[in-house]
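Chain Z is already provided as a structure; the job is to place chain B on it using the hints.
The chain contents come next:
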Amino acid sequence: MTAFPYAGYAGRYLRVNLTTGKIETLPLPVEWAEGYLGGNGIGTKILWDEVPPQTDPLSPDDKLIVATGPLCGGLMPNASRLEFVSKSPLTGIYGDANAGGHFGPELKYAGYDVIVFEGRARAPVYLFIRDDRVELRDAAHLWGKGGFETEQMIQKENRDPEIKTAVIGQAGEKRVRIAAIMVSWRRHAARSGLGAVMGAKNLKAIAVRGTRGIRIAEPAAHRALAFQMHSQIRANEFFAGVHRFGTAGLVSLMQPMGRFPTKNFQYGSFDGFDAISGETLREAHLVRDISCFTCPVGCDKVYSVMSGEFAGVTTSSVEYETLNALGAGVMNRNLPALLKANVLCDDWGLDTISAGRTISFAMELVEKGILSRADCDGLDLAWGNYRTILELLRRIAFREGALGNLLAEGAARAAKMIGNGAERYAMHVKGQEIPSQDGRAQQSMGLAHVTSSRGADHLKAFPVLDETGYPSEAVRRYGKQYLPELVDPLATRYKAMLVKDGEDFGAVIDSCGNCKSGGTFVMAEVYWQEQAEAIRTMTGMPMDADQLRTIGERIYNLQRCYNILHGITRADDVLPWRFTQIPSPSGNAKGSICHLDMMLPEYYARRGWDAETGFPNQETLARLGLAEAWARINQAVASGATQEIRARLGWAAPYTGPVRDDL
Amino acid sequence: MIIYADALKCTGCRACEVFCSLEQEGLANPARSGIRVVKDEPRNLFLPLVCPPCDEKACIAACAEPGALRVMPETGAVAIVEALCTGCSKCVSACDIGAIKFLRQTGRGKFGKAVVVKCNQCRGAPWCVKMCEPGALQYIAEAPDLNGQTVFERLRAALKESEKILAERGGQPRRRVKIK
Chain Z
1 MTAFPYAGYA GRYLRVNLTT GKIETLPLPV EWAEGYLGGN GIGTKILWDE VPPQTDPLSP
61 DDKLIVATGP LCGGLMPNAS RLEFVSKSPL TGIYGDANAG GHFGPELKYA GYDVIVFEGR
121 ARAPVYLFIR DDRVELRDAA HLWGKGGFET EQMIQKENRD PEIKTAVIGQ AGEKRVRIAA
181 IMVSWRRHAA RSGLGAVMGA KNLKAIAVRG TRGIRIAEPA AHRALAFQMH SQIRANEFFA
241 GVHRFGTAGL VSLMQPMGRF PTKNFQYGSF DGFDAISGET LREAHLVRDI SCFTCPVGCD
301 KVYSVMSGEF AGVTTSSVEY ETLNALGAGV MNRNLPALLK ANVLCDDWGL DTISAGRTIS
361 FAMELVEKGI LSRADCDGLD LAWGNYRTIL ELLRRIAFRE GALGNLLAEG AARAAKMIGN
421 GAERYAMHVK GQEIPSQDGR AQQSMGLAHV TSSRGADHLK AFPVLDETGY PSEAVRRYGK
481 QYLPELVDPL ATRYKAMLVK DGEDFGAVID SCGNCKSGGT FVMAEVYWQE QAEAIRTMTG
541 MPMDADQLRT IGERIYNLQR CYNILHGITR ADDVLPWRFT QIPSPSGNAK GSICHLDMML
601 PEYYARRGWD AETGFPNQET LARLGLAEAW ARINQAVASG ATQEIRARLG WAAPYTGPVR
661 DDL
Chain B
1 MIIYADALKC TGCRACEVFC SLEQEGLANP ARSGIRVVKD EPRNLFLPLV CPPCDEKACI
61 AACAEPGALR VMPETGAVAI VEALCTGCSK CVSACDIGAI KFLRQTGRGK FGKAVVVKCN
121 QCRGAPWCVK MCEPGALQYI AEAPDLNGQT VFERLRAALK ESEKILAERG GQPRRRVKIK
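Chains Z and B are the protein sequences, given in the same order.
Residues 1 to 663 in the numbering used here are what the first sequence lists, from first letter to last.
Residues 1 to 180 in the numbering used here are what the second sequence lists, from first letter to last.
A hint or two may mislead.
[Unchecked claim] With the C-beta cut set under 8 Å, the calculated list includes, among others, these residues of chain Z facing chain B: (1) 211; (2) 234; (3) 296.
[Stated by the list, open to error] The list that follows gives simulated cross-link-like pairs (lysine to any residue, SDA-like), each with its CA atoms no further than 20 Å apart: (4) Z:22 / Z:137; (5) B:9 / B:161; (6) B:130 / Z:240; (7) Z:263 / Z:380; (8) B:9 / Z:286; (9) B:164 / Z:153; (10) B:9 / Z:234; (11) Z:145 / B:41; (12) Z:416 / Z:374; (13) Z:156 / B:161; (14) B:130 / Z:220; (15) B:130 / Z:221; (16) B:130 / Z:234; (17) B:9 / Z:304; (18) B:164 / Z:158.
To be clear, the hints were calculated from the coordinates, so they are not data collected in a lab.
Glycine residues also receive a C-beta, built at the ideal position from the N, C-alpha and C atoms.
Okay, chain Z solo, but in the shape it has when bound:
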């Protein structure tokens, strides 16, 4: 094996065929690193090259790519992130999920940048990696266990508590389409339902321990840059708040803006917000602060409940999204019950966003009379009934009962199965439930959900500059000429620019292994220039900001092309009616709707995509070195194959029709 030419990478990857049990250690192709960096980029490239669009995400033909990036395990702030890429069982199209914690760096230290899982094991297995020793092991004794127990059993049977794991809970085993993958320590790659892909492959866990090092091309320069970035983040004006409350601090900020989705997006403010705010959480339940790998921010906290019905619950990663989806979204104002719901989702392996949204969807169907009492398997789906919420989470995770089994499909697929107008209340884009970011109260977020390559998602573009107003950073990144509109959440001007730039930069961050919350978007100290410098000094690869922008664009365009192979077109780039037709009822956003029509054409133009079809233009793809992709999508569209695949995706399109009285 010839040596990999760049530092920063382990330079090898694993290809694990679960059907045959064959494990290959292969040199990492240099063109993957140079063209796509790592993580999200390499995952996209493998999916594009190796998984044809007609593949069922839960079939042995789908592949699961677990990928780190060149900065992961290094010195940069929060060099912890790893990426899971596969076809999404939830949306049927491109899917990915990203997690922090400590698994990614450990995989690099073991000497691997990427693992590609293929096929399906005959019986449950887990992959064990200790440096050069890589083997598939029987996981019969782990099957049926929750994520927490699985992790500890693997550590114990291998007599090493420093083993890091990526595991699924029961939800993944049951192929619940909103299942997550849990990464040591209790961080989740939650979106896109990728836990179900692991479950369908009979892959219970990946366990890794590594003692090799990662070479740094220019140690002194890289360390100086990393130290400067750590220092700047610590000095950032938002540091204290994020450090103190994590994302939970956003609850109190979003509430007055009317940007705190309530009752399945019927409202933008929650009268019980104080009971579930970051301040209340810290005051009543904080145990201690914890951090992902090399992160100075430490947005994660451990919380526990000391008394009452839920005494004894200890949980972490209680995010803004969770507080909303399992709180305001379902009208639940019982914080201890919410913490219990969080720890259950973590253990069983459910995405808290999709789980909460799916439950609020069901509650609204009951409110509107589309689901009858008889459909509810004896549960009272009244808004805010926390006992129902906890029980329903269990039934979803275990696919128990008709309702549990139905909702385990996610809101958009369940809507199609229910029919009878249910799709009007499924708040999703391209099959994935919309997170707690209302496009009416922040225009850029509405656009971001629509253009996200994995269905509704705030984290692809992650437009935070206009979230609460971030003028100093907006000026530094884009220049004074775009103010004040750029930082005004209700203005549509320049938002196409913000979203496109965020998607490209985000693709790069997710490909490198650092964090969108730790200094790149939130506390935005690291931008194109700094990121390029970090990659160059870490790897020795020639890199400047312009080259990096091209890579970000290439990754994002390839994801779009992959979705086009699945029949996704301009017609799918829509928000449900509630966001574009019903004015926001409260807060600063009162009276506002999301003006997609004013942003989307400019977005396509900036991307170099066709305004009618939403397909990338030939010149755009040629410029990005993706000429082959242009030929492939056009051939597929012309043959009619894409429409056939689109028809089989399985979810009901969001309702965008006229608003009638009966809605």
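Below, chain B alone, put in the same frame as chain Z:
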């Protein structure tokens, strides 16, 4: 000077380990750092272990090779002189707080087979302290008096407790950490 570690403030991010390993070994590799964070997450326990150094210096007494372990005059840190270290690992066993690691590696040490790795306080400007955002690590001239307990006593007690807990979870006692 001593490095004082406050386990209650540690968030377990391991920035100390990775910056230390770069300084000491020229690689990003926590397995080779002079400081290590023993973690027991289910119990919310993080224990940064580093040589303060202590007063007893049992490591130097145990060392079979004169001069291989010595006190640096500027800082008071106990440092390894790699050219003299035989890699016998007697100091590793002698250290009560597990602050010394055994490293088997061809080309290292007096006999070209193995060395031990420990904190040398980066010659007066320890990176671990610099990178510790929560302030769990402090570089101070005098050991603080902790209700009559010395820093070393506290570390020893904490280590004993953590080893007990780790053993329950199937872990080995940490005195000898073998690294490839």
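Status of the hints after comparison with the structure:
no.: 1; hint: 211; in the structure: holds (4 Å)
no.: 2; hint: 234; in the structure: holds (6 Å)
no.: 3; hint: 296; in the structure: holds (4 Å)
no.: 4; hint: Z:22 / Z:137; in the structure: holds (12 Å)
no.: 5; hint: B:9 / B:161; in the structure: holds (17 Å)
no.: 6; hint: B:130 / Z:240; in the structure: holds (19 Å)
no.: 7; hint: Z:263 / Z:380; in the structure: holds (16 Å)
no.: 8; hint: B:9 / Z:286; in the structure: holds (14 Å)
no.: 9; hint: B:164 / Z:153; in the structure: holds (18 Å)
no.: 10; hint: B:9 / Z:234; in the structure: holds (16 Å)
no.: 11; hint: Z:145 / B:41; in the structure: holds (19 Å)
no.: 12; hint: Z:416 / Z:374; in the structure: holds (19 Å)
no.: 13; hint: Z:156 / B:161; in the structure: holds (18 Å)
no.: 14; hint: B:130 / Z:220; in the structure: holds (15 Å)
no.: 15; hint: B:130 / Z:221; in the structure: holds (17 Å)
no.: 16; hint: B:130 / Z:234; in the structure: holds (12 Å)
no.: 17; hint: B:9 / Z:304; in the structure: holds (18 Å)
no.: 18; hint: B:164 / Z:158; in the structure: holds (17 Å)
Taken one by one, the earlier hints all hold for this structure without exception.
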